[in-house]
Amino acid sequence: MFLALVDATGNPSVLLAAGRTYSVGRAVTCDLAIQDPTVSRNHAELELVAAGVRVRDLGTTNGTFLNGERILDAVATPGSRVAFGKVSFAVRDETETPSESQAELAGEAPLDATILRQVKVRGPADIAAQLSDLPQGASLLRIGGSSREDRQARKLALLLDVGKELSQQPEIDRLLDKVVGLTFQVMNVDRVTILMTGEGDELVPRIWRSRVDVPSGNWRVPRSITRKVVSERVALLIDNAASDHRFQGGSVLLQRVQSALCAPLLGKQGAVLGVLYVDNLGATHSFSEEDLEFLTAFSGMAAVALENSQLIERVRREAVVLSNFQRYFAPDLAHQIAGHEEEIQLGGAKRRVVVLFSDIRGFTSISERMSPEEIASLLNRYFTEMVEIVFEHGGTLDKFIGDAVMALWGAPMAREDDADRATRAGVEMQRALARLNQEWKLDGRQELAIGIGINVGEVFAGNIGSNRRLEYTVIGDAVNTASRLCSEAGPGEILISAPLYAALGSPPPVSSLSPMPLKGKAQPVPVYRVEWGPEAP
Numbered sequence: 001m002f003l004a005l006v007d008a009t010g011n012p013s014v015l016l017a018a019g020r021t022y023s024v025g026r027a028v029t030c031d032l033a034i035q036d037p038t039v040s041r042n043h044a045e046l047e048l049v050a051a052g053v054r055v056r057d058l059g060t061t062n063g064t065f066l067n068g069e070r071i072l073d074a075v076a077t078p079g080s081r082v083a084f085g086k087v088s089f090a091v092r093d094e095t096e097t098p099s100e101s102q103a104e105l106a107g108e109a110p111l112d113a114t115i116l117r118q119v120k121v122r123g124p125a126d127i128a129a130q131l132s133d134l135p136q137g138a139s140l141l142r143i144g145g146s147s148r149e150d151r152q153a154r155k156l157a158l159l160l161d162v163g164k165e166l167s168q169q170p171e172i173d174r175l176l177d178k179v180v181g182l183t184f185q186v187m188n189v190d191r192v193t194i195l196m197t198g199e200g201d202e203l204v205p206r207i208w209r210s211r212v213d214v215p216s217g218n219w220r221v222p223r224s225i226t227r228k229v230v231s232e233r234v235a236l237l238i239d240n241a242a243s244d245h246r247f248q249g250g251s252v253l254l255q256r257v258q259s260a261l262c263a264p265l266l267g268k269q270g271a272v273l274g275v276l277y278v279d280n281l282g283a284t285h286s287f288s289e290e291d292l293e294f295l296t297a298f299s300g301m302a303a304v305a306l307e308n309s310q311l312i313e314r315v316r317r318e319a320v321v322l323s324n325f326q327r328y329f330a331p332d333l334a335h336q337i338a339g340h341e342e343e344i345q346l347g348g349a350k351r352r353v354v355v356l357f358s359d360i361r362g363f364t365s366i367s368e369r370m371s372p373e374e375i376a377s378l379l380n381r382y383f384t385e386m387v388e389i390v391f392e393h394g395g396t397l398d399k400f401i402g403d404a405v406m407a408l409w410g411a412p413m414a415r416e417d418d419a420d421r422a423t424r425a426g427v428e429m430q431r432a433l434a435r436l437n438q439e440w441k442l443d444g445r446q447e448l449a450i451g452i453g454i455n456v457g458e459v460f461a462g463n464i465g466s467n468r469r470l471e472y473t474v475i476g477d478a479v480n481t482a483s484r485l486c487s488e489a490g491p492g493e494i495l496i497s498a499p500l501y502a503a504l505g506s507p508p509p510v511s512s513l514s515p516m517p518l519k520g521k522a523q524p525v526p527v528y529r530v531e532w533g534p535e536a537p
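Numbering (the numbering used here), first residue to last: 1 to 537.
No wet-lab data here; the hints were simulated from the structure.
Keep in mind that the hints are not guaranteed to be accurate.
[As the list claims (entries may be wrong)] Restraint ranges, calculated between C-beta atoms of paired labels, are given here:
#1 L156 / N42: 42 to 48 Å
#2 G444 / R317: 17 to 23 Å
#3 D7 / F184: 54 to 60 Å
#4 I172 / I464: 54 to 60 Å
[As the list claims (entries may be wrong)] Distance condition first, Cα-Cα at most 16 Å in a straight line; then the derived EDC-like pairs of lysine to aspartate or glutamate:
#5 K178 / D161
#6 K155 / E293
#7 K350 / E458
#8 K155 / E290
#9 K178 / E307
#10 K519 / D477
#11 K399 / D359
Built from N, CA and C at the ideal position, the CB exists for glycine as well.
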């Protein structure tokens with residue numbers, strides 16, 4: 001048995017079959033979707049039973065009704081009326097037309113629509129199928145057609161296939177090569193070039209091709225043409241360049257330009273990405289308005305594909321840069337630097353930075369009692385904890401030096417509280433190692449102790465290395481002093497210099513030590529020891 005709920009027009013609104021529950025409501029995902037304000041989003045449920053249609057109201061405000069009576073759960077027999085809110089349906093027996101019912105259940109019922117034109121779903125782009133051997137009429141487009149309508153349909157199909165082709169070229173150079181190749185394939189022209197916007201919005205030739213023998217060094221697109229295209233954001237058709245008063249420049253005559261088309265490659269909000277230029281050298285009045293219209297549409301597609309390729313390239317480059325920077329910089333800092341990759345060059349400048357060194361005490365003797373695998377496992381766990389602490393406090397990982405860690409604050413980006421951040425990081429390093437040692441002790445593994453030295457001062461900060469490999473680091477006496485303080489620090493100690501202590505906005509408890517003689521210093525250096533203690537519970 002098949003029953004249907006039929007609306008006021010007499011058309012089945014939902015056909016019910018046994019074995020499943022049907023939803024009714026204003027939500028578009030319902031089996032019977034009713035766009036009426038008196039119907040709730042999920043209003044009722046329907047189920048085909050032996051006696052008819054079981055109707056269950058889902059606690060709605062406007063209610064569900066059977067033959068005018070409000071119901072919560074009832075069975076509607078054929079011939080009765082069911083209303084959801086103010087929308088009414090008749091229950092009709094559809095068993096007499098099983099073939100149609102079965103077809104609709106299978107999703108194969110006849111479509112109640114007017115068919116204007118059947119269009120086959122197109123597969124992969126087949127540009128050659130849309131082209132003729134030679135242009136027809138005044139146009140240089142290689143598009144045939146027995147009538148104007150047929151020719152228009154072929155142009156539309158060609159542009160759709162062009163869009164498919166261009167969307168499959170994520171690399172900019174390959175995309176530009178494809179654009180030029182398609183231009184030659186579709187149009188009978190002598191030369192094609194694409195100029196891209198460079199520094200200072202200057203147009204720079206990016207790719208060019210010619211059917212005629214013209215040395216590349218002697219070919220220049222007339223600036224009078226491109227200047228008008230860019231400044232006015234218009235596509236131009238030039239019938240007779242030599243006699244056109246708008247383009248009576250020396251370059252037009254020098255280049256032997258007779259007829260030309262030039263269209264801007266416009267990005268978002270009218271930004272000019274470049275221009276697409278085609279010309280013929282041997283004859284005037286070569287191009288038609290149809291050619292100009294086509295090139296304008298074609299350049300619009302090329303501009304969209306170009307902008308997408310630029311976006312893909314930028315995202316890919318930033319992803320690589322970000323993955324590299326995240327190994328050395330705190331995540332928020334890495335994102336800022338990745339967004340300004342073009343500013344990262346060889347060289348650097350003087351900066352005031354805070355430098356922290358930490359070093360494992362007695363690691364040489366410890367490592368002699370361990371296998372290489374155990375050493376690697378120990379250091380990986382230790383370094384992971386230390387680097388996370390540096391990043392949490394906004395620092396930069398400069399490098400690992402054996403079992404030592406060198407970290408920076410104030411480069412490449414400075415904050416007012418860099419000294420406090422570095423000092424808090426040093427304290428947290430000691431506390432984190434204490435927690436690790438408790439864990440390792442329970443596992444019967446080797447415990448570690450570190451000494452930390454922190455200093456502040458002016459250094460040279462920047463990218464040191466070659467064009468093939470760069471390393472962001474700092475060089476200067478302040479770095480050497482921090483390293484010396486680290487060497488003097490005993491197990492569990494944090495030694496800071498007097499300049500660093502003076503730079504602290506919220507100094508922790510410290511003990512003033514006797515001035516220390518440090519290598520490279522003529523006079524002993526005032527030093528403070530941070531009394532860090534265990535973390536408060």
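Hint check results:
Judged by the Cβ atoms, the range 42 to 48 Å given for L156 and N42 holds: they are separated by roughly 43 Å. The hint said 17 to 23 Å for the Cβ distance between G444 and R317, and at roughly 48 Å that hint is violated. A beta carbon spacing of about 58 Å between D7 and F184 agrees with the range 54 to 60 Å that was offered as a hint. Judged by the Cβ atoms, the range 54 to 60 Å given for I172 and I464 is violated: they are separated by roughly 31 Å.
Our distance criterion of 16 Å between C-alpha atoms is met by K178 and D161, whose separation comes to about 13 Å. The straight-line distance between the Cα atoms of K155 and E293 is roughly 11 Å, inside the 16 Å bound, and the hint therefore holds. Proposed proximity of K350 and E458 is supported: the alpha carbons are some 6 Å apart, at most 16 Å. With a CA separation close to 10 Å, the supplied pair K155 and E290 stays within the 16 Å bound.
Distance hint between K178 and E307 is fulfilled; the C-alpha atoms sit about 15 Å from each other, no more than 16 Å. The straight-line distance between the Cα atoms of K519 and D477 is roughly 11 Å, inside the 16 Å bound, and the hint therefore holds. A threshold of 16 Å between alpha carbons decides the hint, and for K399 with D359 the separation of about 12 Å falls inside it, so the pair holds.
The structure fails to meet hints 2, 4 from the earlier list, while all remaining hints are met.
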